[in-house]
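Trainee: Residues per chain are reported as follows:
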Amino acid sequence: MVLAPADRAAVLALWRKLGTNVGIYTTEALERTFVAFPSSKTYFLHLNLSPGSAQVRAHGQKVANALVLAVNHLDDLPRTLSYLRELHTHKLRVDPVFFKLLCHCLLVTLARHYPGDFSPNMHASLVRFLNHVISALAPSSG
Amino acid sequence: SLSASESFPMSQLFVKVDEVGAEALGRLLVVYPWTQRFFEHFGDLSSADAVLGNAKVKAHGKKVLDSFSNGVQHLDDLKGTFAELSELHCDKLHVDPENFRLLGNVLVIVLARHFGKEFTPELQAEFQKVVAGVASALAHRYH
Chain A
1 MVLAPADRAA VLALWRKLGT NVGIYTTEAL ERTFVAFPSS KTYFLHLNLS PGSAQVRAHG
61 QKVANALVLA VNHLDDLPRT LSYLRELHTH KLRVDPVFFK LLCHCLLVTL ARHYPGDFSP
121 NMHASLVRFL NHVISALAPS SG
Chain B
1 SLSASESFPM SQLFVKVDEV GAEALGRLLV VYPWTQRFFE HFGDLSSADA VLGNAKVKAH
61 GKKVLDSFSN GVQHLDDLKG TFAELSELHC DKLHVDPENF RLLGNVLVIV LARHFGKEFT
121 PELQAEFQKV VAGVASALAH RYH
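Residue numbers (UniProt numbering), protein chains in the order written: chain A, 1 to 142; chain B, 1 to 143.
There's no promise every hint is true.
[Unchecked claim] Once the Cα atoms are required to be at most 27 Å apart in a straight line, the calculated BS3-like pairs of lysine-lysine come out as:
1. A:Lys100 <-> B:Lys129
2. B:Lys129 <-> B:Lys62
3. A:Lys41 <-> A:Lys62
4. B:Lys117 <-> B:Lys56
5. A:Lys41 <-> B:Lys117
6. A:Lys41 <-> B:Lys129
7. B:Lys92 <-> B:Lys58
8. A:Lys41 <-> A:Lys91
9. B:Lys63 <-> B:Lys79
10. B:Lys92 <-> A:Lys62
11. B:Lys63 <-> B:Lys129
12. B:Lys117 <-> A:Lys17
13. A:Lys91 <-> A:Lys62
14. B:Lys79 <-> B:Lys92
15. A:Lys100 <-> B:Lys117
16. B:Lys92 <-> B:Lys56
17. B:Lys117 <-> B:Lys129
18. B:Lys58 <-> B:Lys117
Just so you know, the hints here were simulated from the structure itself, not pulled from any lab data.
Let the sequences and hints guide you as you build the complete structure.
Mentor: In C-alpha cells:
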C-alpha cells in the first residue's frame, strides 16, 4: 500500500506545523478515547488514568514518537513499525478496533486545535495516513 | 444508555451552527468516496470544493442534521423515531450500516472543529453515545 503524493505532502506539512507538540495531542487523544470509549481502558489498567496523569502523558509521547517515525518512513511502514506490530498484536493482543477509536479521537483533537488547517482534503489525507499506520500495526484487522 | 438530561447541552450546540450538517455530509463524501454512490444525482462531486459547495449536498446535509436533532429530542425511543428512515436506508437504498457510524463520527469531528474549547472529552462522550444510538436505530431494519 502506498500513500499518494498529495496525502504525503499534506500530512508532512501538518506534522511540521505540530512540531514538538505532537505528544500533547496524542495524549489528549488517549484521554478522549478513555472517556468516550471506556472499554478501551482495559489495556491500561496498570496505569493511573486520572485526568492529567503523567503515565498517560508518557504513553501519549510514545504514540507521538511512533507517528513521527511513521510520517518519516511512509515508504516502508511495515518494516519500520514491525517491533510495535509484534508488541501490540502478539504480546499485548490489542483489538484493532481500539486503534480505530484512538485515531478517531486524534482526528477530533486535531480538528479542535487546528480548525483552519483541518480542511476536508486534509481530513481525507489524515484518514488515509492513519489507515496505513493501523494496517502496518495490525495487519489482520482487514 | 441515553437520558433526557444528556440532551440539553447537545441540542444547544446543534442550534448554534447551521452548516454543521452540510459540512458533515460533505466531508463524508470527500473522505469516504464510495458514499458518493448514493448522491450521483446531486451533480458535481468531482473535488472537495465541488462537494462542499454543492447546493444539493448542503440542503441534504441540513436535512440529515435536522433528523439528528430530532433524535436528540427522543433519546428514549430512537428505534421508533428512526423506523421509517431505517426502512428507507436499509430496505430501499441498501446502505451498509457501517456508513451510519462513519457519518456519526464525521459529525463529531465537525462539532469538535467548530466548538474547539467547549468540546470537552465529556461532551464528546455524550455525542458519541447519541451518534452510536442513531446509527444503531438506522440499522435496525437489518435485524
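Trainee: If a hint holds in the structure, say so; if it does not, say that too.
Mentor: Now for the hints, and whether the structure bears them out:
The straight-line distance between the Cα atoms of lysine 100 of chain A and lysine 129 of chain B is roughly 16 Å, inside the 27 Å bound, and the hint therefore holds. In summary, the hint linking lysine 129 of chain B to lysine 62 of chain B is supported, as the alpha carbons are separated by about 21 Å, within the 27 Å threshold. Only pairs whose Cα atoms come within 27 Å are accepted, and lysine 41 of chain A paired with lysine 62 of chain A is accepted, the gap being roughly 17 Å. In summary, the hint linking lysine 117 of chain B to lysine 56 of chain B is not supported, as the alpha carbons are separated by about 31 Å, beyond the 27 Å threshold.
A C-alpha spacing of about 24 Å is found between lysine 41 of chain A and lysine 117 of chain B, which places the hinted pair at or below 27 Å, so the restraint holds. Distance check on the hinted pair: lysine 41 of chain A and lysine 129 of chain B sit about 17 Å apart at the alpha-carbon level, within 27 Å; holds. This hinted pair checks out: lysine 92 of chain B and lysine 58 of chain B have alpha carbons roughly 23 Å apart, not beyond 27 Å. Note on lysine 41 of chain A and lysine 91 of chain A: the hinted pairing holds, with a Cα-Cα distance of about 17 Å set against a maximum of 27 Å.
Between lysine 63 of chain B and lysine 79 of chain B the alpha-carbon distance is near 19 Å, which keeps this suggested pair within the 27 Å criterion. Distance hint between lysine 92 of chain B and lysine 62 of chain A is unfulfilled; the C-alpha atoms sit about 47 Å from each other, more than 27 Å. For the hint pairing lysine 63 of chain B with lysine 129 of chain B, the CA-to-CA distance comes to about 21 Å; that is within 27 Å, so the pair holds. For the hint linking lysine 117 of chain B to lysine 17 of chain A, the alpha-carbon distance of about 20 Å falls within 27 Å, and the restraint holds.
Under the criterion of a C-alpha separation no larger than 27 Å, the hint pairing lysine 91 of chain A with lysine 62 of chain A is consistent with the structure, at around 17 Å. For the given pair, lysine 79 of chain B sits about 18 Å from lysine 92 of chain B by alpha-carbon distance, which is consistent with the 27 Å threshold. A C-alpha spacing of about 23 Å is found between lysine 100 of chain A and lysine 117 of chain B, which places the hinted pair at or below 27 Å, so the restraint holds. For the suggested pair lysine 92 of chain B and lysine 56 of chain B, the alpha carbons sit about 20 Å apart, so the restraint of at most 27 Å is met.
At roughly 20 Å between alpha-carbon atoms, lysine 117 of chain B and lysine 129 of chain B fall within 27 Å of each other, so this suggested pair holds. Proximity of lysine 58 of chain B to lysine 117 of chain B is assessed by CA-CA distance (about 26 Å); at most 27 Å being required, the pair is judged to hold.
Checked against the numbered hints listed earlier, the structure breaks hints 4, 10; every other hint is satisfied.
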